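Kindly generate the complete structure, drawing on both the sequences and the hints.
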Amino acid sequence: MSGYNYESFGHCEIGAPDFWATARVGAKAPDFSLPDVDGNLVSLGSFAGKKHVLLEFGSLT
Amino acid sequence: MQLFQRYRDRDFQFFVVYTREAHPGENYPHHGTFEQKLASARKLRELDKVDEIPILVDDISGATHTAYGQLPNMVYLIDRDGTVVYKSDWTDAQEIDGMCASLLRLDEMKAKAMPIIRQGISQRLHWIPMEPAHRERIYRRSGEKAIQDYRKARGVSPYASDAEAGKK
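Which chain is which? The protein sequence lines are A and B, in order.
Mapping of the first sequence onto our numbering: position 21 corresponds to residue 21, and the numbering continues sequentially without gaps.
Mapping of the second sequence onto our numbering: position 124 corresponds to residue 124, and the numbering continues sequentially without gaps.
Just so you know, the hints here were simulated from the structure itself, not pulled from any lab data.
It cannot be assumed that every hint is accurate.
[Stated by the list, open to error] To spell it out: a stretch of chain B is covered by chain A in this simulated footprint if at least three of its residues, at any positions, have a beta carbon under 8 Å from a beta carbon of chain A; those stretches are: (1) 85–95; (2) 105–114; (3) 127–135.
[Claimed, not checked] Only pairs whose alpha carbons sit at most 30 Å apart, straight line, appear in this in silico BS3-like list of lysine-lysine: (4) A:50 to B:112; (5) B:152 to A:28; (6) B:110 to A:51; (7) B:152 to B:43; (8) A:28 to A:51; (9) A:51 to B:112; (10) A:50 to B:152; (11) A:50 to B:110; (12) A:28 to A:50; (13) A:51 to B:145; (14) B:145 to B:43; (15) B:112 to B:49; (16) A:28 to B:110; (17) B:43 to A:51.
Since we're looking at a predicted model, the values are computed, not measured.
Here a beta-carbon is modelled for each residue, glycine too, at the ideal position from N, C-alpha and C.
Right, dumping it as structure tokens:
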């Protein structure tokens, strides 16, 4: 876990080496269930058959 | 008009997924707890005025970030069947716009019962623009440590112009 949350940029490989082999185009997207900042739980599966979902990953920094 | 506004009434839901700090600094250090990560995500909503796109907070070990490949600014578009239809190593609004439009065209094809020969796949390069003022704002927000760490890792300032970086 400490490896994931690195303290200093550059001390760890950014990104998985197999980014293009992970969650590939044409494959089923990995499901998740995550809280929004107000604590409401959102799961990818809940949009099945209803909406297209765009995920933009990021942080403050 | 922003992209999410163009597509939100057409069966699209946009989310930001909050990850580890890509460039931790004095002001926003790496996360030690989920609560700290949640606080940073709330700060993002406040500072970048992300109030219409919900921010989902990944767990402290980055399980979802990892399942999708761990890049700091990656983007995925998942269709309503749960299939990944687009992924990119960086956020490119023009590409996202084009891909959302493709899904709308697919709906039109289905509505007209137009047969589909097969699913094709495309690959492309894209070019990430250097926007020094924007980058300087982000790195200064994190703190001097983030700027120094970048310089150590890459040999140039995070907001160096191409000329400074010795590239064309």
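Now for the hints, and whether the structure bears them out:
no.: 1; hint: 85–95; verdict: holds (count 5)
no.: 2; hint: 105–114; verdict: violated (count 0)
no.: 3; hint: 127–135; verdict: violated (count 0)
no.: 4; hint: A:50 to B:112; verdict: holds, 20 Å
no.: 5; hint: B:152 to A:28; verdict: violated, 39 Å
no.: 6; hint: B:110 to A:51; verdict: holds, 16 Å
no.: 7; hint: B:152 to B:43; verdict: holds, 27 Å
no.: 8; hint: A:28 to A:51; verdict: holds, 15 Å
no.: 9; hint: A:51 to B:112; verdict: holds, 20 Å
no.: 10; hint: A:50 to B:152; verdict: violated, 47 Å
no.: 11; hint: A:50 to B:110; verdict: holds, 15 Å
no.: 12; hint: A:28 to A:50; verdict: holds, 16 Å
no.: 13; hint: A:51 to B:145; verdict: violated, 41 Å
no.: 14; hint: B:145 to B:43; verdict: holds, 19 Å
no.: 15; hint: B:112 to B:49; verdict: violated, 40 Å
no.: 16; hint: A:28 to B:110; verdict: holds, 21 Å
no.: 17; hint: B:43 to A:51; verdict: holds, 28 Å
Going through the hint list in order, the structure does not satisfy hints 2, 3, 5, 10, 13 and 15.
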